[in-house]
Amino acid sequence: MLGSSAVGKTSLVRHYVDGIFSDKYLTTLGVKIDKKELTVADKNFLLMLWDIEGTDKYSGFQPRYIRGSSAIILVTDCTRVQTFIDAVDILKQARLVTDVPAVLVINKSDLSSEWNIEDQKLLNADEEFIGTIYTSAKTGQAVENLFKTIGNHFVNN
Amino acid sequence: MLTTNEVSRRFSSNIEIEHAVLNALDCTVLLRYKPEKFSLVHQVDTWANIVISHLPGKKVSVNNSCLFLIDFLADAEIFWLRNESGILHSGFWTEQLDNGDLIHFEALACMSSGKALLIIKNVEQVFVQQQKMLQVARETVIDNEVLQQQVDETHSRLDGVVSHSDDLEDMLLTISSTIENATFGVMLIDKDLKPIIQNPMNYRLFQSSDIQKNASEGPLDIVFKLMSKQYPEHRRIFEEATSWHGELYWLAAPHFIKWLKVSIYPITNSLGEVCQWVFYINDISRVKHLLQHNEKLSHYDSLTELPNRQMFWMILEQNCVHQEPFYLLYIDLDNFKFINETYGHAEGDELLVILAERFQKLLKKDDVICRIGGDEFAVILKNVNGESPNKSCYTIAERILAKVNNTYYAQHKDHFSITASIGVVKYPNDSTNPDMLVKYADLATYNAKLMGKNNIQFYSQDLQQKTAKRIALENALREAINLDHFEILLQPMMDINSGKIIKAEALVRWNCPKDGLIMPDEFIPLAEDTGLIIPLGKLIFGHVCRGLQSLQSLGHDIVVSVNLSPKQIYDHSLPPFIYQTLIDNNIDPKQIEFEITESSLANDFEIVLATLQQLKKGGVSISVDDFGTGYSSLAYLKKLPVDYLKIDRTFVQDIVSDENDKAIVTAVIAMAHSLKLKVIAEGVENKEQLKFLADLKCDISQGYLFSRPIQLESFIPFLKKHK
Chain P
2 MLGSSAVGKT SLVRHYVDGI FSDKYLTTLG VKIDKKELTV ADKNFLLMLW DIEGTDKYSG
62 FQPRYIRGSS AIILVTDCTR VQTFIDAVDI LKQARLVTDV PAVLVINKSD LSSEWNIEDQ
122 KLLNADEEFI GTIYTSAKTG QAVENLFKTI GNHFVNN
Chain W
387 MLTTNEVSRR FSSNIEIEHA VLNALDCTVL LRYKPEKFSL VHQVDTWANI VISHLPGKKV
447 SVNNSCLFLI DFLADAEIFW LRNESGILHS GFWTEQLDNG DLIHFEALAC MSSGKALLII
507 KNVEQVFVQQ QKMLQVARET VIDNEVLQQQ VDETHSRLDG VVSHSDDLED MLLTISSTIE
567 NATFGVMLID KDLKPIIQNP MNYRLFQSSD IQKNASEGPL DIVFKLMSKQ YPEHRRIFEE
627 ATSWHGELYW LAAPHFIKWL KVSIYPITNS LGEVCQWVFY INDISRVKHL LQHNEKLSHY
687 DSLTELPNRQ MFWMILEQNC VHQEPFYLLY IDLDNFKFIN ETYGHAEGDE LLVILAERFQ
747 KLLKKDDVIC RIGGDEFAVI LKNVNGESPN KSCYTIAERI LAKVNNTYYA QHKDHFSITA
807 SIGVVKYPND STNPDMLVKY ADLATYNAKL MGKNNIQFYS QDLQQKTAKR IALENALREA
867 INLDHFEILL QPMMDINSGK IIKAEALVRW NCPKDGLIMP DEFIPLAEDT GLIIPLGKLI
927 FGHVCRGLQS LQSLGHDIVV SVNLSPKQIY DHSLPPFIYQ TLIDNNIDPK QIEFEITESS
987 LANDFEIVLA TLQQLKKGGV SISVDDFGTG YSSLAYLKKL PVDYLKIDRT FVQDIVSDEN
1047 DKAIVTAVIA MAHSLKLKVI AEGVENKEQL KFLADLKCDI SQGYLFSRPI QLESFIPFLK
1107 KHK
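If you're matching them up, the sequences are chains P and W in order.
The first sequence finishes on residue 158 if you use the working numbering, and the numbering steps up by one all the way, no holes.
The second sequence finishes on residue 1109 if you use the working numbering, and the numbering steps up by one all the way, no holes.
Just chain W, same shape as in the assembly (with noise of 0.2 Å):
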């Protein structure tokens, strides 16, 4: 049988219609031969009666009951008027009878040999089906969309229980009420990946006659069991400390099947120390199932039409045991959460499909392209030939890459860019395993991640390694937060005009019981990403006080500045801490600096704004520091509430000799004076630089001219002979 829009291309290719066809279609053609004024072509069956009135001769007009309809004539009008190829479409509508019947419309216009027709179809048919399908899809997402939403609310209430209490019981007893009547499985597990606590709901979901009879083999086990086997790459999970959401196909011949959804969460300390796991389990077994009605037998995604993770595996499972070389690619959207909660979900999905479509095209025949997560995609890519077949998939993935990084156009013209970092592992050099490639990839493209995203890394023995070394970097810097083994540093800074020394600046350094001294430039980055920058900026500040009390009971009141990451300036917990430990240590606030850099100043304004205005309201001065490396906006420095402008070292080297550094050091100098701001020139080493920035009327200087950075104990005698 012919569709309703195969009727009206056929009218628009001027075939004639026989009105044996006609009549099998259902649909009412009418001729429109002036506006709103149409002559019948063809009529089946009476419902047009509704739609349309009969009048004398052949004409018809539109019923005026009929609104929808007549509303979609306002366009269809436009588009006869214009002449214009292809059919309109009015949607679906549904009139309802006098006896409470619903029929279900759709109206097409279309021109046939310079002649405007109106299609009206009964859609009963397809209205029903589509329905039937949409119902499914719709019932599909709002379970999801609640599961998550009672997840989310759970863990909220769980991470503020946790985090407010340092009495394990009364930690337990309030989780326990909390999680009781949770209507999914939830789960408490300590640091060492043992059940602290359970809800009755988890038991109820892994009870079976199987488990009854193996009892020690626990809904954790089972978890574990099925991760293992499914997310080879999980352990990283629990290594390195993140959050994680997945789907476990659970399968226990011949009883059931089961599909669960589990979302797992860290709870950390404020040192960032795991403390617990939390685990959150749902049976979305009916979800899965409604699902399958829409997708063929669940392998594929059904948002981008992509095989699924499901269907990855097989596919991952059949090459290897084909024996051919080929490169397992993982594809992370890097920040795609960002773009989920600025541009709406409906946005992020949409990027979804455009990717999927445009890594399709760069892809070959034999080639496969999964969906494998919320924004994770897998390549196995076959027959990279060649002299150099490392160097060939590289260029596969950066032209990937670049696919990722075009525009992307949103709704109301709004556009964006995206990046994703790549992880490669090939078959069969770097294994043979399905599982030990997945979670070779998976670190590669932790790597690039790492490696500042938007980048490609090919896994390597070195790789893992590296990763290893950052590991334990990383836990070897917590227990140094933990134990402090660190100190602190005192740089003097001297007033030019007076030649006293009037500050100075607090570098902190690291006393490895191992290693020994590390610098800052080895560990301060590591733990800005790692989020240990916060603890790390409290012992210090600590450090800084306890030294300045002591300073005070010489009878100097010198000021003494210190360093702000970014990360500390968005820790809304900063400015509370600093006044109370400034009490705590009777320590005047105007003792104290902070140095922030132009790079914080770069990102969220309003809330760095926030911030300075927070700290300086209290009393302490504010300065930038590496002034001219970043890109600091004018207008920003105008609004901010900063009273210093350090000039950066790099500038300050060379100032005798470079005819550009002298320029930029003058204008520096001249514009802050001209905003009120003092300037300090850091790195000044030898008088000549000294003299250049006195005749520049420069305020302060800071650098190995006077003293590289000293202990405490040395800074007191220096500080008495240049006061």
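One chain only, chain P, in its complex shape (with noise of 0.2 Å):
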């Protein structure tokens, strides 16, 4: 889980794992890992979720920490058109790392969107990612949907 801070990796973890959403914002640091079995065309995946501490000037980019990824997991905050601005960068980072497959993920969308959807003409969207994904950590708005689409791009490639 990648993105810059505040965009909510932590509650799309807590919320998927766990199924519990806090509106306070606590910070992340360092790396958390969390485990969860998914069964996707009755093929069946333990997803280790890495949640990484967010990327800005108090934290940089970690290489080492998507070396051994299967895929990656970029989220904005529809409300920060700036945490849109740092995902190009971030992925601009991860890709000189690794180019296994990336979803990109729209956070807070249950709250009204501040920037252009437009602008993810930016970030190549079509080409980079497996899918775009609206989610909403507080309201479960397709948190599901998001770790299926990663266990279907796995079963059907």
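No lab work stands behind these hints: they were computed from the structure.
Treat each hint with caution, since some may be false.
25 Å max Cα-Cα, derived BS3-like pairs, lysine-lysine [what the hints assert, rightly or not]:
{"no.": "1", "chain 1": "W", "residue 1": "K723", "chain 2": "P", "residue 2": "K58"}
{"no.": "2", "chain 1": "P", "residue 1": "K25", "chain 2": "W", "residue 2": "K674"}
{"no.": "3", "chain 1": "W", "residue 1": "K615", "chain 2": "W", "residue 2": "K577"}
{"no.": "4", "chain 1": "P", "residue 1": "K58", "chain 2": "W", "residue 2": "K674"}
{"no.": "5", "chain 1": "W", "residue 1": "K1073", "chain 2": "W", "residue 2": "K1048"}
{"no.": "6", "chain 1": "P", "residue 1": "K93", "chain 2": "W", "residue 2": "K723"}
{"no.": "7", "chain 1": "P", "residue 1": "K25", "chain 2": "W", "residue 2": "K518"}
{"no.": "8", "chain 1": "W", "residue 1": "K674", "chain 2": "W", "residue 2": "K611"}
{"no.": "9", "chain 1": "P", "residue 1": "K139", "chain 2": "P", "residue 2": "K37"}
{"no.": "10", "chain 1": "W", "residue 1": "K750", "chain 2": "W", "residue 2": "K789"}
{"no.": "11", "chain 1": "W", "residue 1": "K1025", "chain 2": "W", "residue 2": "K1083"}
{"no.": "12", "chain 1": "W", "residue 1": "K518", "chain 2": "P", "residue 2": "K58"}
{"no.": "13", "chain 1": "W", "residue 1": "K789", "chain 2": "P", "residue 2": "K58"}
Keep in mind it's a predicted model, so treat the numbers as computed, not measured.
Using the hints, build the complex out of the two chains.
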């Protein structure tokens, strides 16, 4: 799980793994790994979700955290355009390390969007991502779907 | 108590660690005797059992469930195999217990007397402390980011409303609904700095019992009062019609202290005249309060750790009180916005940190450097002695510029360089008043920018007069555009082969009622700098079309060439304006030729190409002016829809006597013809030059040999004679 700070990476994992959501923002330090089994088309996967500290001026991008990954979930916050600008940069850095499939997540979609979704073109979303998913860790919107998308990708490829 | 780093350092330095000390450290130490095989050296508590399992004897293994640590061991193995010195850190990671509790760890790999050690530390205390600190820092950054985003969005909406509305009442109605629910203060001010409209939040922001008592002092008065005291240079913002961002400290003792973040933008009409000003005001007291937790009483800049603007003022005032001579240098980075936009804000921040370090290394112990704005630094230089202190100060300023100019290496091996403009003022010679010193330093910096950036300007009375003169000229030019004090002269161009006049170049003159005729080289660069070239260019084109209409009515279908400046090429409204004006005046586009300079081509090629293609599609022709004086790439020339090359007069001048000029002109004509371009020679003054050009099969000539630029009334009989 990559992205700027406070985009909701931890909240998405908490919702998916434990089914809980908290409005209180508590910044992540370092890494926390969660596991969850996923079944897609009769195939079982064990997801090991690396919830990585947000990339910002206080914590730079850490290539070693993603070197053995099977997929990247790049999370942005639809209320903060800067998280999208940062995502462009994070993806560039990640692509220097790995070419695993990536999903673009536009989180907090229960709140009104403050940036033009057309901006996604900057990320060349169709080519760079196996999917763009609008999620809300608060309402649970598309959270399951996000991880299923990754499972589906591995079933079909 | 020893820190984990100290423990590993002691191991690395082969200092025996007492178990009593290790007990106090709450860490587990493992000795790696084979790849992925460890024996236990020390364990304090049972928490380590979350990440390791005990095997018979003193052997232990890392738990398979502890994925992070296993991943770290891959790096640690390489580190141990290389027998590297120092410590390899894993960074923090968190493990969750079955009961939901979280435990935070950090692992370190190091070598001690040739033995590989793995230290695992329970970092609970440090983790919580750092989390608290980062939480505040990140909340602050996000608060700022959201505030800025809201201001930018509202500003872009307001700008749209103002620039698309001619009716003031309609405009105010739309603005009012746009800003009504904004979560920050918005004020629209007229050009005389009187409030037109304010949103409810602005009133709330400035609401206090004091203000209510003193009804004559509204929000705008308060902002101006604070700006006068804290930013004495603010007057220039209104004189120069530039935007401004800053923070104001509002102390209304004993009631409250507020920090206000203020952004001011001018709103201009198509002539570049300021019609209104818009102020955005945010109460950032909470952000400042949060920052105070992390910064030393808000007197230091959190990024560069240099004294901030508030601290700078205190230092400056103290220095003025001490009455010892000093220099104040304002360093303003040139085009810093470009760095932020091109390489990202993280790189921009990194650049500021590097610069702060570079500057500090140049200065003596008693000197002070502060970060006083986003891309502005101020230096107070003391004890600058010697025979010529000014010269010594200049040398230091030159060193600062050189440090700025040094290459920066961005991530992924990108590198770039940047420049700065420096303004210098001297205490007590220029002023003894801190406000005036700042104002003069700012003025000197502004002039350094005008002088082409990357240079140093000392403040002087003369400088102030020069600035005043430039502002006066700009105002006069604006008025001249408004009142159309311009006329167009035409300089004929002759087809060398037939001897007939086939074209003319339109040249503008400013008929100033006060100063008489002003030549273009005196006002075009100013128009280009200020953006007035856009309305002026449109005015000139209107004149040309009307002139062509007159010629048409007399049966002359001649081509007139019009100069386009680089700024005009970047103006997306240019092509539609051109074609509408041609339609309005019933002019065939074939009668128009645009001259662009080589310097325009050196800019963003894609934009130049798109504009020229758009113009060309409409049927006009295009020539490259002053060819040979700039840096035209032949590859560009081939790709651009160009029809003519105009050889600059400096090559034609000595064409008969100077072998180099001869060679250049010969080569240019041959090259142009091979690219299927025609050639126009400028500055032809005598028959020898003309003959030489004719021998080289140059197509068209222009110069005093045939005619100076003349008014339309004189051009008509001239044309009749030479048609």
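A quick look at each hint next to the structure:
Pair hint K723/W plus K58/P holds up; C-alpha atoms about 18 Å apart against a cutoff of 25 Å. With a C-alpha separation of about 21 Å, the suggested pair K25/P and K674/W falls inside the 25 Å cut-off, and the hint holds. Simply put, K615/W and K577/W have alpha-carbon atoms about 22 Å apart, close enough for the 25 Å limit, and the pair holds. Under the criterion of a C-alpha separation no larger than 25 Å, the hint pairing K58/P with K674/W is consistent with the structure, at around 18 Å.
Annotation: proposed proximity of K1073/W to K1048/W holds, straight-line Cα distance about 16 Å (limit 25 Å). Taken as a hint, the K93/P and K723/W pair is honoured in the structure, with Cα atoms around 21 Å apart against an allowance of 25 Å. The straight-line distance between the Cα atoms of K25/P and K518/W is roughly 14 Å, inside the 25 Å bound, and the hint therefore holds. Our distance criterion of 25 Å between C-alpha atoms is met by K674/W and K611/W, whose separation comes to about 21 Å.
Of the pairs offered as hints, the one joining K139/P and K37/P holds, with about 20 Å between alpha carbons and a cut-off of 25 Å not exceeded. A threshold of 25 Å between alpha carbons decides the hint, and for K750/W with K789/W the separation of about 16 Å falls inside it, so the pair holds. Note on K1025/W and K1083/W: the hinted pairing holds, with a Cα-Cα distance of about 24 Å set against a maximum of 25 Å. With a C-alpha separation of about 16 Å, the suggested pair K518/W and K58/P falls inside the 25 Å cut-off, and the hint holds.
Our distance criterion of 25 Å between C-alpha atoms is met by K789/W and K58/P, whose separation comes to about 24 Å.
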